[in-house]
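So the chains spell out like this:
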Amino acid sequence: MIFGIPIQAFAGQLLVGLINGSFYAMLSLGLAIIFGLLRVINFAHGAQYMLGAFIGYLILAKLGIGYWPALILVPIAVGLFGIIVERLALSRLYEVDPLYGLLFTFGLALVLEGVFRYIYGVSGNPYPVPPALAGGVNLGFMFLPIYRGWIVVASLIVCLGAWLLVEKTKFGSYLRAATENPKLVQAFGVNVPMLLTLTYGLGAGLAGLAGIMAAPVYQVSPLMGSNMIIIVFAVVVVGGMGSILGAILTGYMLGLAEGLTKVFYPEASSIVIFVIMAIVLLIRPAGLFGKDA
Amino acid sequence: MSSTAPLLSVRGLNAWYGESHALHGVDLDIREGETVTLLGRNGVGKTTTLRAIMGLIRKRTGQVTFAGKDLIRIPLHHTARAGIGYVPEERGIFATLTVDENLMLPPVIAGGGMGIDEIFDLFPNLKERRNSQGTKLSGGEQQMLAIARILRTGARTILLDEPTEGLAPVIVQRIGELLAELKRRGMTILLVEQNFRFASRIADRFYLIEHGKVMSEFPVGELENRMDELHEVLGV
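The listed protein sequences correspond, in order, to chains G and Z.
If you use the numbering used here, the first sequence corresponds to residues 5 to 297, in order.
If you use the numbering used here, the second sequence corresponds to residues 1279 to 1514, in order.
Keep in mind the hints are simulated off the structure, nothing from the lab.
The structure displayed is predicted, hence computed values, not measured ones.
Only true hints are included.
Derived, one-sided and incomplete: chain Z residues facing chain G with beta-carbon distance under 7 Å:
1) 1332
2) 1334
3) 1354
4) 1355
5) 1358
6) 1359
7) 1364
8) 1370
9) 1372
10) 1374
11) 1375
12) 1379
13) 1383
Keeping only pairs whose Cα atoms sit at most 27 Å apart, straight-line, the calculated DSSO-like set for lysine-lysine is:
14) Z:1405 - G:172
15) G:187 - Z:1347
16) Z:1405 - G:174
17) G:187 - Z:1491
18) G:172 - Z:1414
By construction, the Cβ of each residue, glycine as well, lies at the ideal position given by its N, Cα and C atoms.
One chain only, chain Z, in its complex shape (with noise of 0.2 Å):
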């Protein structure tokens, strides 16, 4: 772990559904190339970070800065072109478009991003598939595809919402082989995975959120001695 000043970092954030407050100061810091992964049960406001991260909620407070940029008072396609990439847990794939228009939906953001060739060699199911319609794909193909439209715009940091979910342990293999690969390449990523054994392959340190902020963090080396309290915290 490099001992930079943070690439994320975020202080004291709040958001809110309407009248529910839904985080209550979320406090974490994401330095340049590491793989950070937010712990936590169903509702406990692990997404809700992401999206108000990207700015997904408009109801929020509190400090996101971004490479020195504030976050927080931009509209939401400029913390995109920030240089930050974001791959929704719903997959967000476009039921009318084909997968090649799902992948060239997002604009490219910055240079250094995968050209389409080297895309397709690393999911060639897309490149098979490339001109059916994107809910068409299984759900692991999906899930490469909303990973794959991001590798092509040049973000060079991910936010990745419960990646694994409702997927068969293969595909969920051939995802962590991939993340793995993203961080070889030196890319941030921010991982929300209620799946800590998989989460432990590539993540260089964890945060545990409960009640709508965070409760504990921990690098990886920490992991087993931690066990218990993951057992207890998370219900597995």
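Here chain G stands alone, though its shape is the one from the complex (with noise of 0.2 Å):
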């Protein structure tokens, strides 16, 4: 027992915690990429993550081609979408005031989510756990499904490569500078508009891989990108605007924060999130992580 609740409780609300938390991280961190870059607010975040879900499901149901393979050719496709929309629009409305975008983007993720409502409708549609990962572990204290540790894994290796691309690359220091002062850059002769694409795609991309990730643990339906959204709009305010950091740690620290109200009180666990954002945003304007405070 652990104050009062038996530690198989505990320990299951955690793990939903972590799993809930991982991708807030990962999708927290894709938004936090393109916020930091292209200052544009992506409100059609959540319908790429979906929009990975379902091409997943697609090239499984229609084609055949499961997990394993889906798990590159989802990210890239996604980011492929990413590029075209930034190259078509987004680079259209940097000039312009960023609210332009915002709106952009959310006309976009209505759209995305129209289409596939109109043709799959809101039900979900399942996706099966790949063979390899099916099944669980006994830890004695809890029942690990083997998947579940799958995403919690994966979602840290992914953030960790991310934040060594951002930290430890070339590609990075670009980003980074560009992000500081992107005239700059591009008068050392960077492309920065190549630049802003390529980053755009990427978070985009990271979105998708989200996505299929997520689709063998929630259905794979065209509402789970709007569902997502708005929580990871709160986990990237709680971590800063733009800052990578912020966003991957604020992503399992409220997915944590979420889990442990589920055990203690789970009447307040749909709303913890937003409560903790109400106090940053009081305390600490820029974010916990953010430098502009």
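Grab the two chains, each in its own frame, and use the hints to assemble them into the complex.
Pasting the structure below:
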């Protein structure tokens, strides 16, 4: 027993929180990268996550392409979709008020969701857990489904990889410098318009990857993105807009906070993240890891 | 001064910040290996001239030709790749990057740039602080870093905006020696500087700018004869 709660229930909810936190971290990471460089609040991020899950579902249903190849193909497909969106539309909005970028991506999210709702309805479609990750492990104090353990490990690898890409590579130094002063970076000879395109593609690809990883856990549904995006925005606000490390750590922290709330006061679990966001905004408006507090 | 065709030629350059018309037809030429200084009071368009040549101000008309290439209609990053390095007035050191990362940031655009060891020989302070955040450096060190990172790229022409502004005299002297060394190495320098005493040690020619256009041009040898005019125009 922990605080009068059976350890199985406690650990089970912590695991649920950790899994949710894994998706929050991956999605808010992409949002933070996009906002940091493009200054676009990408409301289409949830729709790109949904698109990833649906592409995975469709290539399995229509082409028989399973989970493992989909882990590569889906992020590439959603990333390419992001690149096309950035080239055709977002790149024309950089010189105008950032509100236009937000409105455009909000509209794009509505269109994507509407198209999938029209074709597939709102009821979810199942996506099977890959056989290699089926079943579970009895840890003594709880039963751990292997796929859920995989989600936590894979999301840690993805977040660590993205952090290393941004902090330790030449591409990352371009990205960080262009976040501060894109014109000067371009005046040094760096093709910043291409950097912006690739960054949006990378962010969209990360959302797509989260989508295919989520497919076996949640139902593949047109609404899965809009359910997630509001929480992910709260995560980014708490972490600090544009802070990549902040987005990752806050994603896991808020996932765990949500899980713990389900243990101690389940009625508040759906609002705890927003309560934390409100408190953080009052105390530290730039977010826990933001620089302009 | 050589009589060859100009390396950088500016004709009738106009530039706008929004609706504000900042440059009103600037004309100037720089030959290869020359050091040319733009003089003028604050706000007359010296920095704007450099920014408009680089393409940092997109609303511009006129002709800017570098090594025969028209710079007006090409993207900003192609200007740098044509062989022009830019050191902005505010130095442009990136806060999230270390000294090393700041130094390595601009891509190498041509052969013949300085190697990292050569740069550290020239700027030993930077070597000692290579893992510090760029903005933790002193003003003088930041200026050194801003110049050093351009020297690595292989650019043979540098647009240098107010490199001595706000620096201690001993640092100003050090920067003067550095620019003299770059001049000896045959680099072409377009310098914006209010301190014409400082500029006279390295400049071959001066352009005096007022109200967004060139009012006069004279070689360094005429500087002493124009002292009264300069004191009046520059307000020093």
